[in-house]
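From first to last, the protein sequence lines stand for chains A and B.
Quick note, the first sequence lines up with residues 43 to 156 if you use the numbering used here.
Quick note, the second sequence lines up with residues 5 to 260 if you use the numbering used here.
By construction, these hints were calculated from the structure, which means they are not laboratory data.
Take the hints with a grain of salt, since some may be wrong.
[Said to hold, decoys possible] Derived CB-CB ranges, DEER-like:
id: 1; chain 1: B; residue 1: Pro110; chain 2: A; residue 2: Asp64; range: 51 to 59 Å
id: 2; chain 1: A; residue 1: Gly145; chain 2: B; residue 2: Cys22; range: 31 to 39 Å
id: 3; chain 1: B; residue 1: Phe173; chain 2: A; residue 2: Ala85; range: 34 to 42 Å
id: 4; chain 1: A; residue 1: Gly86; chain 2: B; residue 2: Glu200; range: 21 to 29 Å
id: 5; chain 1: A; residue 1: Ala137; chain 2: B; residue 2: Arg38; range: 49 to 57 Å
id: 6; chain 1: B; residue 1: Val125; chain 2: A; residue 2: Asn114; range: 35 to 43 Å
id: 7; chain 1: A; residue 1: Glu53; chain 2: B; residue 2: Gly106; range: 26 to 34 Å
id: 8; chain 1: B; residue 1: Leu240; chain 2: A; residue 2: Asn114; range: 36 to 44 Å
id: 9; chain 1: B; residue 1: Leu240; chain 2: A; residue 2: Leu150; range: 51 to 59 Å
[Claimed, not checked] Here are a few chain A residues that sit away from chain B, every Cβ distance over 12 Å (derived from the structure):
id: 10; residue: Met43
id: 11; residue: Leu52
id: 12; residue: Glu53
id: 13; residue: Tyr148
id: 14; residue: Ala156
Every residue gets a Cβ at the ideal spot worked out from N, C-alpha and C, and that includes glycine.
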Amino acid sequence: MTVREAVDKLELEVMTGGMGLDRPVTGGYASDLLSDVIAHAEAGNLWVTLQTHANVVAVAALKDLAAVILVNGRRPDEDAIERARQEKVLLLGAAQPAFEIAGRLYQLDVRGRA
Amino acid sequence: MLRIVNADLHIHTCLSPCGDLGMGPRSIVEAATRRGLDAIGISDHNSSENAPAVMAAARGKPLTVLPGMEVTSREEVHILALFDGVDLAFRMQRIVYDHLAGTNDPDVFGLQVIVNEDHDVVGFNDRLLAGAANLSVEQVVDAIHALGGLAIACHVDRETFGIIGQLGFIPDSLPLDALEFSRNTSLDQARQRFKEYSRLPFIRSSDAHSLEEIGVAPTSMLLNGVTISEIRKAFLGQEGRRVGLPSRDRRERQAV
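Taking the hints into account, I'd like the entire structure generated from these sequences.
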């Protein structure tokens, strides 16, 4: 599945322009501790989080994640979107909470590490 | 004149929902002086309401009490804020309260007791002090600095509520005054484990929630009086002020 399919099926908002939408998704990871994401997320993952700090962008870039899904209608901090554009990190927005988004992704066959 | 100041800058009172109810002003002052502390910071979660009582209890004693609070940012990062006086601390508290939602449930989180210097109960704080202010860590640090205070990242060695655990790393652009480590990490260990942050001063504090914890991880500084500006100079290594002591003065390596 590509990021674009997830965006379409979950009706996610694309916050940082259209780059990276055709990238294949390798799996999913949900966490709000960024140190934990650095330790455990894998390249190409969709990362589900409610954190909106600009460090989210740096962690997504560091781990080469496919996209970050910010849940619960949370808006990124001002400098996060700007930095995401510079770093070519795809920020997506969901109105629903993390549990719902992770569940829907699972239904779309996105898996985490078992 | 410069003198050695033993400080424990991060102490809770019975106002913190997780704080022991025995953490009353006179008991805190007595424990601090008994353990050889010259300065303490009073830092309840998201509130300074008990700081005046502890300052009053220390009047006439050889102990300086700096009022402050442990702010929880939107990212659930704990930032220690310390000020020169109650007025400044209360101005910070106003900002935090304006961004803090929710009501405390004492059965779940614990009582939030406001006391006078004699530990008489004068009221209960019903805000959700265990919650997070809807302020980014940058906004918290900026607000502290705008009031002339010190902004110190708390228990950086702890995964939960520590800035590195919550945010993965400390942003270069965040103008913190110092990093605080818990009793679980000596300064020597911290200098090894966190050497990428050696640009910032390192201190230790007890983060005491009960009387017996007060002073378990003190920080020695060379200061000319205990004020925010003196501590800031020590953090910056200016005019002979410093954090830690020359090695010949170290009685216990890990205590400084």
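Consistency of the hints with the structure:
no.: 1; hint: B:Pro110 to A:Asp64: 51 to 59 Å; in the structure: 53 Å, holds
no.: 2; hint: A:Gly145 to B:Cys22: 31 to 39 Å; in the structure: 33 Å, holds
no.: 3; hint: B:Phe173 to A:Ala85: 34 to 42 Å; in the structure: 19 Å, violated
no.: 4; hint: A:Gly86 to B:Glu200: 21 to 29 Å; in the structure: 27 Å, holds
no.: 5; hint: A:Ala137 to B:Arg38: 49 to 57 Å; in the structure: 56 Å, holds
no.: 6; hint: B:Val125 to A:Asn114: 35 to 43 Å; in the structure: 38 Å, holds
no.: 7; hint: A:Glu53 to B:Gly106: 26 to 34 Å; in the structure: 30 Å, holds
no.: 8; hint: B:Leu240 to A:Asn114: 36 to 44 Å; in the structure: 40 Å, holds
no.: 9; hint: B:Leu240 to A:Leu150: 51 to 59 Å; in the structure: 53 Å, holds
no.: 10; hint: Met43; in the structure: 27 Å, holds
no.: 11; hint: Leu52; in the structure: 24 Å, holds
no.: 12; hint: Glu53; in the structure: 26 Å, holds
no.: 13; hint: Tyr148; in the structure: 25 Å, holds
no.: 14; hint: Ala156; in the structure: 24 Å, holds
Consistency with the previously given hints fails for number 3 only.
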